[in-house]
Amino acid sequence: MKKSGFWLIYLFLLAAQLLLSTYANFTPYVMVTLLPVMVLCIPIRVGTSLAMLVAFATGLSIDLLSEGLLGLNALALVPVAFARNSIIRLIFGRELFAREEDFSVHRCGFWKVFMAILLASALFLAVYVWADGAGTRPLLFNALRFAGSLAASTALSLLVIDLLAPDVRK
Amino acid sequence: MRSRKVIPRLISLAIFIILEIASLQMLSHNASLQRIWLARSVHGFMGTVWGSTQRVQNFFTLARTNKELAQENADLLKELSAAREALRQFHVDTLGSGIVREPGFVMIPAEVVKMSRNTQHNYLILNRGYEDGIQEKSGIVTRNGVVGMIDAVSAHHAYAFSFQNADISISARLGLEGGTGLLVWDGAGSRGAILKEIPLQFKYNPGDTVYTSGHSLLFPPDIPLGVAGSSKIVNGATNEIEVTLFQDFSAIRYVSVVHNTAFDEIEEFEP
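Top to bottom, those sequences are chains A and B.
Using this note's numbering, you'd call the opening residue of the first sequence number 1 and step up by one each time.
Using this note's numbering, you'd call the opening residue of the second sequence number 1001 and step up by one each time.
So that you can see chain A by itself, here it is in the shape it has in the complex:
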């Protein structure tokens, strides 16, 4: 089944992420990102290679237009696209691939979707915090930044998940 208007919503959330990256800078310990959930929700029929190219372009556009450190978001987002199918298979099982159906909260349950978002966000933030610190920051600082950002980003991602992964049977 096709998700109607997915790419339109993707572009809308990309613009929202630009604003978040520019204005939601409250503390060095927390960065808020919607990028992992956006990549996680790319329709299953889109292959891993194409998803990685989309993730690379998405990360690069945020780097260019907002945060200024070219390559950082792209570096962190491509692994999410690479691991996307594995995360979906691990959390939701192989049936989705067999039926070429996308996951949704209604179909798969809140906690499974929560776990998938948590895994994708953790993967993104692990690479991002590591590369951003470039070995110059103590482990405690990186750990606190990772935990704070993971909590904030997962919470925000859950708020927009119905936009990205609607229940198409409604």
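Calculated from the structure, these hints are not laboratory results.
You can trust all of the hints, since none of them are fake.
Part of the chain B face toward chain A, derived, beta carbon under 8 Å: (1) Ile-1011; (2) Ser-1012; (3) Phe-1016; (4) Leu-1019; (5) Ser-1023; (6) Leu-1024; (7) Met-1026; (8) Leu-1027; (9) Met-1046; (10) Arg-1117; (11) Thr-1119; (12) Gln-1120; (13) His-1121; (14) Gly-1187; (15) Ala-1188.
So the derived label-pair ranges between C-beta atoms look like this: (16) B/Gln-1201 x A/Leu-140: 29 to 35 Å; (17) B/Asp-1075 x A/Leu-11: 47 to 53 Å; (18) A/Gly-5 x B/Leu-1062: 38 to 44 Å; (19) B/Val-1227 x A/Asn-85: 51 to 57 Å; (20) B/Glu-1268 x A/Trp-130: 37 to 43 Å; (21) B/Gln-1057 x A/Leu-140: 31 to 37 Å; (22) A/Tyr-23 x B/Lys-1137: 29 to 35 Å; (23) B/Glu-1270 x A/Leu-158: 51 to 57 Å; (24) B/Lys-1005 x A/Leu-140: 41 to 47 Å; (25) B/Asn-1205 x A/Tyr-23: 38 to 44 Å; (26) A/Met-115 x B/Glu-1270: 52 to 58 Å; (27) B/Leu-1024 x A/Gly-5: 32 to 38 Å.
Negatives, chain B to chain A, calculated, CB over 10 Å: (28) Asn-1058; (29) Asn-1066; (30) Leu-1069; (31) Pro-1109; (32) Glu-1111; (33) Gly-1129; (34) Tyr-1130; (35) Leu-1176; (36) Glu-1177; (37) Pro-1199; (38) Leu-1200; (39) Val-1227; (40) Ala-1237.
Every residue, glycine too, gets a C-beta built ideally from N, C-alpha and C.
Chain A is fixed; fit chain B onto it per the hints.
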């Protein structure tokens, strides 16, 4: 049958590796000419777009800013009066002594139109460019200390590395005549910094003021930067001292760009 599954996976893996290498290349070459070229065009765009939204935000803080400017004006007038008196004394004391004056610094006021504070590589965009006299390799200061250094300049905007940047260090002195070391951001707070590589023979007390040393070509000497706090000995050879900066990076709007008029001349001596 099995090769049908393996080949797409290998292609995906190859694309993954290529994209990650490309991202890393972009990160590692961030200081190259290409980055400056990109920074000029991209941050020119950002300065225009984000600057207009920033102006709306600034409108709502005008009352507080006016109060701060009035206070700053009063402080500057007091300093000017004291400086005039000191200059008069200087002329009396050194008349005919043959003292050679050190090269000066040009100061250009500017306003911050965009500033990042959340990452480990923060930056600023100023509303002045080369048409206003701003040059690359200039420092940025306020009356509370050092803010950053200019990296790239377009016609009407300047892109600068903030002091809150993992790659930036400033030559600083402990007290007016103490040891010199490198002052770097602590990576966390908006006022935290660390003064590194102070030789152990230089004694200090917590509460001593840290100044710019004047060893850098970018900043004039003796700008007060912050107050020394606790310290620890590193490798048994040097002190590492916590510094609380005077400048609160969460409240920067007006700055001065300082350029050493003898920068090029002095740099010619360096290998």
